[in-house]
Structure formats: structure tokens, C-alpha cells
Amino acid sequence: MTDVAGDDALGDRQGYELAAALRGGETSASEILEATLRRIEEVDGSVRAYLRVTADEGRAQAAAVDERLRAGGELPAVAGIPIAVKDVFCTKGIRTTAGSRILEPYVPPYDCTPWARLSAAGAVMTGKTNCDEFAMGSSNENSAFGPVHNPWCLDAVPGGSSGGSAAAVACGEAVWALGSDTGGSVRQPAALCGVVGLKPTYGRISRYGLIAFASSLDHVGTFARSVRDTATLLSAIAGHDPMDATSLPDPPRDYTEGLDAGVGGLRVGVVEDWLSMEGTEPGVRDAFQAGLDALERLGANVVPVKLPHADYALSAYYLIAPAEASSNLARYDGVRYGLRVEGDGVVEMNTRTRGAGFGDEVKRRIILGTYALSAGYYDAYYGQAQKVRTLVIRDFRQAFADADVIAAPTSPTTAFRIGERADDPLAMYLSDVFTIPADLAGIPAISIPCGVDGEGLPVGFQLMGKLLDEPTVLRSAHALEQELAFAQRPALVSSRG
Amino acid sequence: MAVDIDLEHVARLARLQLTQEERARFGPQLELILEHARKVGEVAADDVPPTSHPVPRANVYRGDEPRPCLTHEEALSNAPDPFEGRFRVPRIVEDE
Numbered sequence: 001m002t003d004v005a006g007d008d009a010l011g012d013r014q015g016y017e018l019a020a021a022l023r024g025g026e027t028s029a030s031e032i033l034e035a036t037l038r039r040i041e042e043v044d045g046s047v048r049a050y051l052r053v054t055a056d057e058g059r060a061q062a063a064a065v066d067e068r069l070r071a072g073g074e075l076p077a078v079a080g081i082p083i084a085v086k087d088v089f090c091t092k093g094i095r096t097t098a099g100s101r102i103l104e105p106y107v108p109p110y111d112c113t114p115w116a117r118l119s120a121a122g123a124v125m126t127g128k129t130n131c132d133e134f135a136m137g138s139s140n141e142n143s144a145f146g147p148v149h150n151p152w153c154l155d156a157v158p159g160g161s162s163g164g165s166a167a168a169v170a171c172g173e174a175v176w177a178l179g180s181d182t183g184g185s186v187r188q189p190a191a192l193c194g195v196v197g198l199k200p201t202y203g204r205i206s207r208y209g210l211i212a213f214a215s216s217l218d219h220v221g222t223f224a225r226s227v228r229d230t231a232t233l234l235s236a237i238a239g240h241d242p243m244d245a246t247s248l249p250d251p252p253r254d255y256t257e258g259l260d261a262g263v264g265g266l267r268v269g270v271v272e273d274w275l276s277m278e279g280t281e282p283g284v285r286d287a288f289q290a291g292l293d294a295l296e297r298l299g300a301n302v303v304p305v306k307l308p309h310a311d312y313a314l315s316a317y318y319l320i321a322p323a324e325a326s327s328n329l330a331r332y333d334g335v336r337y338g339l340r341v342e343g344d345g346v347v348e349m350n351t352r353t354r355g356a357g358f359g360d361e362v363k364r365r366i367i368l369g370t371y372a373l374s375a376g377y378y379d380a381y382y383g384q385a386q387k388v389r390t391l392v393i394r395d396f397r398q399a400f401a402d403a404d405v406i407a408a409p410t411s412p413t414t415a416f417r418i419g420e421r422a423d424d425p426l427a428m429y430l431s432d433v434f435t436i437p438a439d440l441a442g443i444p445a446i447s448i449p450c451g452v453d454g455e456g457l458p459v460g461f462q463l464m465g466k467l468l469d470e471p472t473v474l475r476s477a478h479a480l481e482q483e484l485a486f487a488q489r490p491a492l493v494s495s496r497g
Numbered sequence: 001m002a003v004d005i006d007l008e009h010v011a012r013l014a015r016l017q018l019t020q021e022e023r024a025r026f027g028p029q030l031e032l033i034l035e036h037a038r039k040v041g042e043v044a045a046d047d048v049p050p051t052s053h054p055v056p057r058a059n060v061y062r063g064d065e066p067r068p069c070l071t072h073e074e075a076l077s078n079a080p081d082p083f084e085g086r087f088r089v090p091r092i093v094e095d096e
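Just so you know, the protein sequences line up as chains A and B, in that order. FYI, in the numbering used here the residues of the first sequence are 1 to 497. FYI, in the numbering used here the residues of the second sequence are 1 to 96.
Since the hints were derived computationally from the structure, they do not count as laboratory data. Be aware that a few hints might be false.
Among chain B residues calculated to face chain A with C-beta under 7 Å, some are [what the hints assert, rightly or not]: (1) Q17; (2) A24; (3) P28; (4) L32; (5) H53; (6) V60; (7) R86; (8) V93.
All of these numbers come straight from a predicted model, not from anything done at the bench. Positions of the beta carbon are idealized from the N, C-alpha and C atoms, including for glycine.
If we strip away everything but chain A, and leave its shape as in the complex, we get (with noise of 0.2 Å):
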């Protein structure tokens, strides 16, 4: 490697590149915290993914990881690595919002476990990034504080809810950062930017810390710009932890063993219906086919599954999610943290609180999900969109008797533009079609860039496994992304086509 120094594309490298450089001697945590920082300063003010940007703890950070370089001691993958986390994490002394009036002055006094264990490796925080409010959507247009602009193509939606860590990370505002997805809220907008974003386990990183909104569907997610990095920073936060009830006991591993292996053999499931679903533009289905080729290419055989019930799922997911959402976000009430609208008596500041604090997509679903849970109507809505859960994951484990992975477009389109589907919320909904399944089965999945549409704008390719084998997903995920060599960028633009 050359001089890196001062060099103002270190946020545009892949973490292992600057792990090495660091361990050579040949730049500082410092100076690529530094560079960083420049580039947010170049692009933030048109691309917006951050709501706050955390300089000052940031470069305390880096100079404590050059403090340990000094002196010579060995250093955690993680360690100098610049990583944006989306505002729906407790960060201690740093304002959390959850792009939220509700939550606007609030400041966590405790660190999410996710941070918590980045921040002891070493690793340095950019900022919190703009999301949609308390992650309810899939264009980050539901942000309290604006819209993120897609660094492809500055009018377009950089998907959602984790828009602004997928932006950050698509132009070098950050190497790596964290998402949470619930119904696709780090796939789709990885596909949407351009990057790699994965959603492991149900359980298998906690959620100790994240701001909860459907408790039985929330996993936390990594954004990077390659599958290597994804497993350096998924094997730095995966694990057991005690402050997690759902957080599972199986012990963490390395994700990069084993990255190499190769697909031969490998046997591909795709979901034939799923393509020709109206809906699912060409240039996706394109670039999907590409990938798939790809694959076979590289030895792995393609095969047809089924998974008969999918078309359920979105609607189960929109019953469920917001079921769940009404229950946990009865905790802004005005009283212990948050805003507040004072009003005659206890109930009456409740409701002109949560009137005043809540934007349109949140009232919605806490109207959808009470309605769900409400007296005469929980069986025939919640009840039954629980028992289509159970239908969900036995259709994978079908699928999964014939298939070690399964693939899919990400999400059914491109990047839109921003208001076009502002007024829809089920047409909104839909982006998710591709998505919901695997949260709904607590499956791993990942989505990688595949290509892009006859406008330019990045198509994410999806692969899920089965419960625990991230081992699966991310081997194959690297093959196909070695074997496509996808390298394109941002370019910054306002208009395409």
C-alpha cells in the first residue's frame, strides 16, 4: 500500500484496508478520523444522513487508539475504524432521538451493548444518523428532521428506516455503520445505496440499548462496503448478553473463517413467483438474473423453492409490527423523559404529548396496532397474523430441506423519488415485499450490490439461510461479490436518466 496520509478517500477504503495500514505504521486513527470528518463536511450538507456529528468524541477515540499503537500493543479489528450508528441506539451522553420531536432533547445515560462493545475495541464513532421516526418506514422521509438524500441520485430516497447509515457509508461519511431492521429497515436501503447490509440471526447481536419498536421482530444490522468488512464487524458485537433476554447462548464466532470456501455445490433456492410479482422492476429483475448467473458460474447450482404463504406475510407484518409498536411506545407519556405538553390533569398532557411528539407514520401504526389488539377484533387480526407467522417460517424450513440459501431482489424497485410515495402508505408498505419474510422468521439475510438499472441507480441481491448459519450467507454473499466486482460509486448527482 502507498502513503496514505492525509489522503482524503481513507473513508472511501474497506476497514480491512485500514486495519492494515494502521498496523504498518502507514497513517493514524487521527488522520483517518480527519478524513472522514472532511468528507462529511464536502457531502453532508446535500446527502443529510447525519443528525449529529460526534467530532469531539470521535477524536478523543482515535487518539486513544493511536495512543495504544504507540505503544505497541495489539489492537481489535474494529480498532480506528470510523462507524456512524443510527440514532435509535442509546449512546451515553450523546443525544438519541430516534428522529423523533417526542425524543428530541433526550440524552441516554447508558450505552447500548452494540456500541458499547465496538467503543471497548477501539472503534470510532462519526456520528448518530438520521432515520425514520423510531424506524417505521422504508424512505427515511418519516424523519422528524428531514429527509436523507440518496447519494446516487440526490432526489431519490436512500431507502429506510436506517436511510442515513446506508448514505453515510455509500460516500465515504463513515467505513461501517449500524442499522436496526424489523421489516427490511438495513436490506432495502443497503440495495437502495448500494452497499452491504446484514441482518443476522433474530438474537444474535443484542438489542440491549436499541429503542425498541416490535420487540419480536427488532435485530440489529451492520452497513459496510464489503461482505469481509460485514464479518469483522459482526464478529466484534455478535454474542451472548445478559441485558438481552432474546439474545442468544450460542457462542460468537469469527465470520471471516471460512469466507473464502467458494459456492461449488451450493445449492441456490429462488422463489420463482417472486420475480414475475407485478411490481418488480426489469432492471432489478436484470441485475437479479446477473447475479444468479454468477453464481451458477461459480459452481452453485440454482433450484425452484416455494414459499406459498409469503403473500401473507406483509400483511401478517402489518398487523404484528404494529401491535408490538403500540405496547412499547406507550412509554412516551410525558413523564420520564422526552417531551412534554402540559395539559389539565394526567391523561390530558399524555395525549397532547404524544399528539404533539409523534409524527403521521408513527400515529398510524400505534392507531393500527391498539386497533389489532383491541377487544373483538385481536383474534381475527392479531391472533390470526400470528398463526400466518407459523405458516412463514415452515414454508422456509420446506425450503430449506431442498436449498442452503435462498436469493431474491432485496426490494422489488430501485430508489424513488422523494414524495412520490410519501401520501401511500401502502404502496410505502410494499417496498418491503421482499424483506418481511426473513424477520418474520428471525432467518439471517444479507444484501449485497448486483448491478444497476437502466438509470444507473444500485439493485440489492438478497440471500437468506437458515437460523444460525450466517457461516452460509456471508460465503456465499463474498463469492458472488469477488465474482461481479461491482465497483462503482455515488456520483452526487441531482437528477439521473
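Dock chain B against the given chain A, drawing on the hints supplied.
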């Protein structure tokens, strides 16, 4: 059959103030979403058990060991109206 949702009643259950304009806007949107959502009833047969968690775990407890926790000041640091070490709220009980 159209889905009928009593917005005023549900909003009261959720302690959520809605303006006239919000009620007019959300009503038709929610009916459309519920029309779509009630499709779940088409396939969920009686003999299918419900799933509440994708990876079920039961009786998960932490060891009952003392460990550091938030201080009194930290716990109150975000309170909109802290008062003498407590969270103060408006009147709860109606006057006689």
C-alpha cells in the same frame, strides 16, 4: 365488507390526540391498510399454532447479583419536571 374503524375510540385507548385534519386523512388510509391486512384470515386455520417469537426461549433470567446501576441523578436527568428527587406529574385523581 368495508373495514370500519372508530378512530376516536381507538385514539382514546392509545392516549393520542388527533386533529380533525388527521382524523380525516388517516381514516381512509387505515381502512385501506386493514383491508389488505385482513387477508391473514384467509389462510390461518384453527390447527395452526400462533408464533410469538421466531427463536423461542423460556425462563431466561440473569444471575441475581448486585451490579452498578444508574444513579438517582442519572435516572432523573431526562425528566421533563423533576421535583425533590422524583418524577412530578399533573394531578391524577379528580377533585371531589
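Do the hints match the structure? See the list:
1. At about 3 Å, the closest approach between the beta carbon of B:Q17 and any beta carbon in chain A falls short of 7 Å, and the interface hint on this residue holds.
2. The interface hint given for B:A24 is violated, since its Cβ lies 13 Å from the closest Cβ of chain A, which is over the 7 Å cut-off.
3. Restraint check, B:P28 versus chain A: the minimum CB separation of about 11 Å is more than 7 Å; hint violated.
4. For B:L32, the shortest C-beta to C-beta distance to chain A is roughly 6 Å, which falls under 7 Å, so the interface hint holds.
5. The beta carbon of B:H53 comes within 5 Å of a beta carbon in chain A, closer than 7 Å, and the hint placing it at the interface holds.
6. Restraint check, B:V60 versus chain A: the minimum CB separation of about 4 Å is within 7 Å; hint holds.
7. A distance limit of 7 Å between C-beta atoms decides the matter here; for B:R86 the minimum to chain A is near 11 Å, and the interface restraint is violated.
8. Below 7 Å, beta-carbon pairs count as interface contacts, and B:V93 has none with chain A, the closest being about 9 Å; its hint is therefore violated.
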